[in-house]
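Dock chain Z against the given chain V, drawing on the hints supplied.
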Amino acid sequence: MTRRLAELWLRYNLNRWGFIFIVLLLLALPLPQFIAPDAKLVSNSLLFSFTQMFMLVTLASNWNLTGGFTGYIDFGHAVFFGLGAYGTGVMMSQLGWPFWPSLFFGAVIAAIFAVLIGSATLRLKGPYFSIAMLGTFVAMREFIRVIKPITGGGRGLTLPPYLNRPLFYYLTLLLAVFVILMIARIRKTEFGASLIAIREDEVGAEMRGINTTLHKITAFWIAAFFTGLIGGMWAYQNTFIDPDVVFFESRTVELVMMTMLGGLGTVAGPVIGAATIYWLRDVVWANFLQYHLIVQGLLLILIVLFLPEGIMGTLGDKSGTTIGRIVNRWFRKPAEEAP
Amino acid sequence: MDQFIQALINGVMLGGFYGAMVLGFSVIWGVMGVINLAHGEFVMLGAYITWVLNKQYGWDPFQAIVVVFPIMFLFGYILQRILINRIVERPHLISLLVTFGLGIIFANIVKLIYTASPRVTESALGGFWPVGNVTFPVTKTYILITALIIMVALWIFLQNTRLGKSIRAAAQNKEAARIVGIEIKLVYAVTFGLCIGLTGIAGVLISPTQAIFPFMGAPLTLKAFAITAMSGLGSIPGALFGGIVLGLVEVFIGTYIPGVGTNLGIVSSFVILVAVLVTRPQGLFGGLKPATEVS
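Respectively, the protein sequence lines represent chains V and Z. Counted from 1, the first sequence has number 292 at position 292 by our numbering; the numbering is strictly sequential. Counted from 1, the second sequence has number 185 at position 185 by our numbering; the numbering is strictly sequential.
Isolated chain V, as found in the complex (with noise of 0.2 Å):
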């Protein structure tokens, strides 16, 4: 027994973080069991809490995977939120279909959008491809709006209300980890290093036989799918979903933030940076309502200018800023040589 987890620990390279990860996971699993209607320690929004965060690690994990891996930043991100809630509501309060293949059928919808607008939007370059995306954000936003009798325009839909917190605490941490371990895979196989090849130097990676366009588009519709699941339950979490609330702005730029707080291009990075976040925003703003917005602003301003590298790229070796190499002569040893 000892033997094979050793094997397997051995297999999959698992390293500091990963073992973490595997902590965290044994202490996240029995949570919901805990809970009593006067219970102290675990509430009921305590666990809400948390599929809250877990929803943003997954969310975070998927931006990560074209922006931090492939290198395009996607400024519009949440249109596949948006059309995995939108494809899971008219689904369900439209033609009665039960949750289960609402939400699948939400998160195809939104697999599908991706292949199309990436296929011309991932041809650009640069900040053009941010833009465009964003663009593609708000069209989609006001095309929603517009199609009155399928989506019930600004008015909204009302999903079936259903309250189960355990069962959702449950799903979204097993996206969640579904998700870490399918994207710390892709970082190790071919596939990712192409990714990552894409990033350094696209032109290169073409001429090293890479099929760059399809790279980029098999990347973004995988995004694009568990986006649209985290979408779709939202949707029926919430019970209730309406242009603004579905497609809103700040959502990408949350996404954009954490994974940039934790480290872009790293499979931990967006984990530790949207739980981060997210408990910041619990527990410090949410006696601040008002001045929300404004400190996310000023934060992400922050972040840019002092933490470009993120937390993982600041703890580092390799960090090439100010803050990461004061880190490196405080808090390492001088010399430390491989044995």
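Simulated from the structure, these hints should not be mistaken for laboratory data. A hint or two may mislead.
[Said to hold, decoys possible] Only some residues are given here: those of chain V computed to face chain Z with a beta carbon under 7 Å:
| id | residue |
| --- | --- |
| 1 | Gly126 |
| 2 | Pro127 |
| 3 | Ile294 |
| 4 | Val295 |
Here a beta-carbon is modelled for each residue, glycine too, at the ideal position from N, C-alpha and C.
Positioned in the frame of chain V, the structure of chain Z alone reads:
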């Protein structure tokens, strides 16, 4: 037929405004390589200054230009010195995120002070001039005239003054501009101030024609981006042409497809944007430099 000509007139007038609005965005991008995602929020700030002058002191919106331009110039100059200077020659993601953050901050500060309810300014220059079966809205005619004056003034400034020439030199080749003794930081700061000033004037111009509210900026930024990508960075005739194309598309959609209002304007500008980027990435007019050269 009358409806067609009326739509044509309205479209050209809207387009003239778009042309003036785009200048600041386009020149900043061309000279500094910074894509200012807070552009729409600067328009909004200009509009709110106008609204305050209009409501509290009874100024006409068109008189407010005299105050708005210097205030916004100073604001832009200081902002560039404090913040934008740090991000000018860094990867585009940095400048996109910083200006996006700025936009969020501006919109929410204005919302805190003046709440989110829509405001209108009233110009004495209201009413319509009937010509045959069509009418010319008076306010919009003056807006078009002001917009054209701004464009000509900017063109003269860039072509004929020493500072204007240094700005163009900085846009074409930074290193060479440094070598011949142009103080590039100063040029950047003046450019940013000037462009924000012009954007503030666009805010003045928009205030009599539509309700102003803190979150009006994002669609304007997007339209500015579409027009700039279509016309080439820093090209003044291109800005006018691109603005008029977008204005016509928006007005014709609003006139001939009933029930959708102008909401589809943003959709149409996006479709134009992607179509132009895919087919002609250098823009339809040359401008300060082709858009593809920006990393």
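To see whether the hints hold, each was checked on the structure:
1. Gly126: 5 Å, holds
2. Pro127: 5 Å, holds
3. Ile294: 5 Å, holds
4. Val295: With Cβ-Cβ at 9 Å, over 7 Å, it is violated.
The structure fails hint 4 only (numbered hints given earlier).
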